[in-house]
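Trainee: The residues making up each chain are set out below.
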Amino acid sequence: MNDINITEAARNNAFSRRTLLRTSGITLTAGVLLAACSKKISTGSLPRIGESPTTTMMPEGLVTDEVLLRTAMSVEYNAIDTYATVIDAKIFTSGTNNILKRFSEDHASHADALSGLIKQLNGSPYNKANPNVTSLYINPALELVTASDDPVTDALVLAHALETLAAETYQAFVVMLADPALRSAAMSIADQEARHTVVLAQAIRPGLAGLIPGTNESGKPLVAAIPSAFGSLSTIPIAVGKPNESGNKTTLVLETPSLNSFIYDYID
Amino acid sequence: MNTEHTAPQQPKTSSRRRLFSTLLGGAVATVPTLAASRVRAAGASTDTTAPETLVPEVAEMTTTDSTPMMMNDAPPMQSKTVSAGATAPPLQPTAQDKEILNIALGVELAIRDLYANIVAAGNLSDEESPVVLLIHSHHVAYAQSLGGLLGRAAINKRNDATYSQFSDNLKGTFASIASQLVAIENGAVTRHINSLNQLEGLNGSTLIASIISIESRHAAALASVAKKPLNAIIENYQDSIAIGA
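Note that the protein sequences, when read in sequence, are chains A and B.
In short: position in the first sequence from 1, add 1, done, that's the working numbering.
In short: position in the second sequence from 1, add 713, done, that's the working numbering.
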């Protein structure tokens, strides 16, 4: 009797277990189908309060043989432009100016040679001075030189530093150039830049004593035609300009072009 | 009666299990779908070209038309990759490099001996002696560095062709031998520049390059004190020494 009563009660109940299971099953299945068929959500970004200009991606710079040669070419134009400025400033006598003009012609020849090599690599020659070298080193140095109490010596010191920078640049590029023929070409140019430094070092500190390293009374190193046993790749400090109250000139430190001053192929 | 009651229930219990299994399976199948939709939504946050889909409340907080700064809107850092070509050159000298570097070593040993002879002759003044000694010490350093790079492959024998080419002309005062010293240094520079054309290993190339930088200065400095004209100081038309070695 009890069994009959339970069955009947169950049949009379609208919310039987079977109905409940069937309803929940249909609901879940429908939910699954709707989730699977829903539109892709594209608004998942987490916003941040504030404003910024639209981001512009910079082109990727790869250091290739072409880029290194373009950078070397730009350094040659740095030297050409600096010599032109110094000559126009009439700091030197005509004899010294003639030497600087000769150096400038050498740099123009180097630039031509580099231009030919770049074209062989299907690259575009860069016929301008390196903007970073100009703004960071040369322009500040020229301002100090023109305001100096001894512009002749200071202009020679600047020229010596620039020639050293050029020679170091080629030496530094040897390890980065992939083609051995280009390493050889680079050092054949560096050969002449190094010889320029000797002429200028002798103009600053003439004679046999000026060939070898030395120091002044306060222990600071003097310019030497043969400064070390091996070619240096270190920074090039120069002291130029009008001395301050303590008698010290402003010190500038020049460095060879690096990743932030290479003339990449996307630079016009 | 109990038996009659339980017997028909058996298939119903089985059906319920199937239903639970189906539901569980469906739920399991739903998890990756929902997860994928979340991943797509997260991926969309990098899409800065669709700012119109920002949460409206935040978009309204901006007072201008500029795009609100997003988490992923930080300016990208540009990586500057050093590419040395399809295959990177070797660091250590190759077998061919060792032959070339051994010739350079022989040349430097010969020049070292030539300068040693000049010092030993005792014809130098007090001013000239430090200069010759300095240049001599540089050539000693070059020979030692080349020998160190070559290691066991080093043939520590001077290049007799170079030595005999110049040794007879280096007797006398500094002024009388300066031109010969310029020729020695220029010839060594030419030799090393030509070597760079063939060297593959970067260690050998960088060492030779650093030697060239100073031997060029040796040549120019000696030409300068020998009162050579400017062209002779800053130009190098000297043939390579130790040709055919």
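FYI, nobody ran anything at the bench for these hints, they're computed from the structure.
Glycine is no exception: its CB is placed at the ideal position from the N, C-alpha and C atoms.
Fair warning: there could be bad hints in the mix.
[What the hints assert, rightly or not] The following label-pair restraints were derived from C-beta to C-beta distances:
id : chain 1 : residue 1 : chain 2 : residue 2 : range
1  : A       : 55        : B       : 800       : 38 to 48 Å
2  : B       : 888       : A       : 121       : 42 to 52 Å
3  : A       : 51        : B       : 804       : 19 to 29 Å
4  : A       : 268       : B       : 836       : 29 to 39 Å
5  : B       : 838       : A       : 269       : 30 to 40 Å
6  : A       : 49        : B       : 804       : 25 to 35 Å
[To be verified] Derived list of chain A stretches under chain B, where covered just means 3 residues or more per stretch with a C-beta under 8 Å from a C-beta of chain B:
id : region
7  : 143-153
8  : 191-197
Trainee: Taking the Cβ atom of residue 838(B) and the Cβ atom of residue 269(A), is their distance within the range 30 to 40 Å?
Mentor: Violated, at about 57 Å.
Trainee: Just to make sure I understand the rule, a stretch counts as covered if three or more of its residues have a C-beta closer than 8 Å to a C-beta of the chain. Does the region 143-153 of chain A meet that for chain B?
Mentor: violated (count 0)
Trainee: Verify this for me: three or more residues of the region 191-197 of chain A with a beta carbon less than 8 Å from a beta carbon of chain B.
Mentor: With 6 residues in contact (Cβ-Cβ under 8 Å with chain B), the coverage given for the region 191-197 of chain A holds.
Trainee: Between the beta carbons of residue 888(B) and residue 121(A), is the distance compatible with 42 to 52 Å?
Mentor: Once the Cβ atoms are compared, 45 Å apart, the range 42 to 52 Å for residue 121(A) and residue 888(B) holds.
Trainee: A range of 29 to 39 Å was offered for this pair. Does it hold for the Cβ distance of residue 268(A) and residue 836(B)?
Mentor: 56 Å, violated
Trainee: For the range 19 to 29 Å, tell me whether the beta carbons of residue 51(A) and residue 804(B) fit it or not.
Mentor: With Cβ atoms ~49 Å apart, the hint is violated.
Trainee: Assuming the hint says 38 to 48 Å, is it satisfied by the Cβ distance from residue 55(A) to residue 800(B) or not?
Mentor: Roughly 40 Å apart at Cβ, these two residues keep to the hinted range, so it holds.
Trainee: Could you check the hint for me, namely that residue 49(A) and residue 804(B) are 25 to 35 Å apart, CB to CB?
Mentor: 47 Å, violated
Going through the hint list in order, the structure does not satisfy hints 3, 4, 5, 6 and 7.
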